[in-house]
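For the protein sequence lines, the chains are C and U, in the order given. Under the UniProt record's numbering, the first residue of the first sequence carries the number 1, and numbering increases by one thereafter. Under the UniProt record's numbering, the first residue of the second sequence carries the number 1, and numbering increases by one thereafter.
Among the hints, a few may not be true.
No farther apart than 30 angstroms at their CA atoms in a straight line, the calculated lysine-lysine pairs in the DSS-like style are these [claimed, not checked]:
#1 C:Lys145 - U:Lys158
#2 U:Lys181 - C:Lys145
#3 U:Lys245 - C:Lys145
#4 C:Lys68 - U:Lys181
#5 C:Lys145 - U:Lys306
#6 C:Lys192 - C:Lys122
#7 U:Lys158 - C:Lys121
#8 U:Lys245 - C:Lys121
Partial chain C-side listing against chain U, Cβ under 8 angstroms, derived [unchecked claim]:
#9 Pro95
#10 Ile105
#11 Arg113
Derived coverage of chain C by chain U (criterion: at least 3 residues anywhere in the stretch with Cβ under 8 angstroms from a Cβ of chain U; other residues may be distant) [as the list claims (entries may be wrong)]:
#12 96-103
#13 106-112
#14 115-125
Since the hints were made in silico from the structure, they are not lab data. It should be emphasised that the depicted structure is a prediction, and the values quoted were computed from it without experimental measurement. C-beta: ideal position from N, C-alpha, C; glycine also.
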Amino acid sequence: MLQLKQITKVFNEGTLDEKVALKHIELSLQPGDFVTIIGSNGAGKSTLMNIISGRLAPDTGEVVIDGKDVTTMSEHERARYIGRVFQDPMAGTAPNMTIEENLAIAYNRTEKRTLRFGVTKKRREFFKETLATLQLGLENRLHAKVGLLSGGERQALSLLMATFTKPHVLLLDEHTAALDPARAQLITDLTKQIVEQYRLTTLMVTHNMEQAVQLGNRLIMMDGGQIIFEASGEEKKKLTVEALLQEFQRIRGSQFASDRTVLV
Amino acid sequence: MITALFSSVEAGLLYALMALGVYISFRILDFPDLTVDGSFVTGAAVASVLIVAGVNPFIASLAALGAGFLAGCMTGLLHTKGKINPLLSGILMMIALYSINLRIMDKPNVPLLQQETVMTMVTAQFQRVDAALAMIVPFAPKTWAVIVFGTLLVVIAKVVMDLFLKTEVGLALRAVGDNKKMIASFSGNTDRLTIIGLGLSNALVAFSGALIAQYSGFSDIGMGIGMIVIGLASVIIGEALFGAKTIVRATLAVILGAIVYRIVITLALRVQFLETGDVKLITAFIVILALVVPQMVAARAEKQRKARKRGAAVASTQADYESV
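Start from the sequences and build out the full structure, keeping to the hints where you can.
Below, the structure written as C-alpha cells:
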C-alpha cells in the first residue's frame with residue numbers, strides 16, 4: 001500500500017547547520033497495516049510524515065502509494081490518496097466555515113471539484129449519519145461554525161474528515177498530543193474504531209508510548225533519522241512500555257559501546 | 001439635496017460591484033490586493049476605447065470584465081508562482097497597470113460624452129417610465145434608469161456570488177482564505193484557487209470601472225487612485241452596520257456599505273468648510289472610524305459585563321456574611 005524506498009533527507013546541506021533528518025529509510029506497509037511510530041524529538045518522525053504527504057521532497061529515494069510512484073507529485077495531488085490529521089486541532093478544519101461545509105470540502109478530497117453545490121440534501125444526510133458515529137452530538141450542529149467547537153471536538157471532526165472518504169493511507173501526526181488526557185483518550189478510541197471500521201492503512205506518530213503499544217499491529221522506533229527497532233504481529237502484541245524502554249536503552253547503549261570502540 | 005442623494009445612490013450601486021470584488025480578495029481569500037487601483041482604470045479604459053471605436057457598449061463592458069480577470073490572475077501568478085508577498089504583488093501589478101492603461105487609452109483621458117453608452121441606452125428605454133413617474137413622484141430625478149439598472153446588476157452579481165461560494169469550487173476558495181494547510185490536505189490546489197479568486201475579484205472591479213466611466217462620461221488615468229480604500233471602506237462600513245454572519249448577509253452588507261459610503265461623502269462635501277479635494281481624507285477618516293468604533297463599543301460592553309459580574313459576586317459574598 002505504502003512503500004518508502006531508501007528515503008534520505010538532509011537539511012541545510014553544506015552549511016554548519018547541516019542536519020541529516022532521514023537516512024536510507026525503508027518501510028513497506030501492507031493494506032490494513034496500522035503502524036505506530038515513536039522516537040525522541042529530532043528522530044525524523046515529522047520529516048518522514050512530511051515526505052509522505054508531499055510537504056517536503058526527499059533528497060533521494062521514492063515514495064510509492066498503491067504501486068504508483070508519487071515522489072514528484074505535489075502535496076495537493078497526492079492528497080487524493082492520503083488522509084491527514086495534524087497535531088494542532090486548529091489545523092485540520094476551516095474555522096469560519098460551518099461543520100457541513102468543512103465536511104463537503106473533505107468529501108471532495110478524492111475527486112475534481114465542480115460547480116455543483118458542495119452541500120446537497122443527499123450529502124447532508126450522509127454527513128449526519130457519519131457524524132453520529134462520533135457520538136458528540138455534532139450531527140445536530142451542522143450549521144455551526146467550526147471555530148466555535150472545542151479542541152477535542154475539532155480534532156474528532158478532523159479525524160472524521162480525513163477518514164470518511166477511505167484514503168489509501170492515513171497519516172496521524174501526534175494528533176492527540178495537544179489535547180487534555182480525557183480528550184486525548186476519546187480521540188484515541190475514535191481512531192481505533194474508525195481505522196478498524198474502514199480497514200485503513202495507517203501511520204501514526206506519537207510521543208505517548210502507552211498509546212504506541214496499545215494501538216496498531218506494528219510499531220517502529222526511530223532515532224537519528226533511522227528506524228532502529230521494529231515489532232509486528234505477536235511480538236507487537238506482547239510489547240509493554242517497560243520492554244520498549246529497555247529495548248531503547250539497549251540499542252542506544254550498544255551504539256554508545258560501538259562508538260567507544262571506534263574512539264579507542 | 002435630494003438630487004445629490006439620488007445620484008450618490010446611483011454611484012453607490014455601480015461602486016458596489018467594485019466593493020464585492022474587494023470583498024472577495026480581502027475577506028474570502030484574506031489577500032490584501034492593491035491591484036484594484038489599476039484594474040478599475042483598466043476596466044474603464046478598455047470599455048471607453050471600445051465604445052469610441054464603435055463597439056456595442058454592453059460587449060465593451062464585458063470585455064472590461066475579461067481584462068480585469070486577466071489583471072487579477074497576473075497578481076495571483078506573481079504571488080503564487082513568483083512567491084512575492086501579497087501586498088507587493090498587488091502594488092507591482094498596480095504600477096504596471098498604470099502604464100498599460102495609458103497604452104490602452106493612448107492619452108490620459110477619453111471622453112464619452114457624445115457616445116452611446118450602456119447608460120444612454122438604458123435611459124432611452126426608460127423614457128416613458130420616467131415621464132410617467134415624473135407626474136406621480138414630486139421630487140422625481142431626471143431618470144430612474146440608472147437606479148433600476150444598477151440594482152439589477154448588483155442583485156445579479158450578489159446572487160451569482162452567493163451561489164458560487166456554495167459550490168464545491170467556491171467552498172475550496174473560501175477555505176484558501178480560512179485555512180490553507182487544511183485545504184491543501186484535502187487536495188485543493190491553493191495556487192490555482194488563489195489565482196482564480198483574484199481574477200474574479202478584479203473582473204468585478206474592472207466591470208465596475210467600465211460602468212463608472214460610462215456613468216460619468218469619461219475615463220481618466222487617475223480615476224483609480226485610492227479605489228482600494230473606497231472598496232475597503234464599503235466592506236468595513238457594511239460589515240459594521242449590517243453584520244457579516246453568513247456569506248449571503250455579508251455580500252448584502254458590502255453592497256449597502258458602498259451606498260452608505262457614497263451618501264456619507266455627499267453629505268460631508270455639503271459642509272461649507274470641506275472641499276472636493278478632501279474626499280480622500282474623509283474616506284481615510286471613515287475607514288478609521290469604522291475600524292476603531294466597533295472595537296471601542298465591544299471593549300465598553302465587556303467592561304460593563306465584568307463590572308456587573310463583580311457587583312454580583314460582591315453582593316453574594318455580602319449575603320454570605322450576613323447569613324453567617
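To see whether the hints hold, each was checked on the structure:
no. : hint                : verdict
1   : C:Lys145 - U:Lys158 : holds (22 angstroms)
2   : U:Lys181 - C:Lys145 : holds (18 angstroms)
3   : U:Lys245 - C:Lys145 : holds (10 angstroms)
4   : C:Lys68 - U:Lys181  : holds (24 angstroms)
5   : C:Lys145 - U:Lys306 : holds (26 angstroms)
6   : C:Lys192 - C:Lys122 : holds (28 angstroms)
7   : U:Lys158 - C:Lys121 : holds (23 angstroms)
8   : U:Lys245 - C:Lys121 : holds (22 angstroms)
9   : Pro95               : holds (6 angstroms)
10  : Ile105              : holds (5 angstroms)
11  : Arg113              : holds (4 angstroms)
12  : 96-103              : holds (count 3)
13  : 106-112             : holds (count 4)
14  : 115-125             : holds (count 5)
When held up to the earlier numbered hints, the structure conflicts with none and fits them all.
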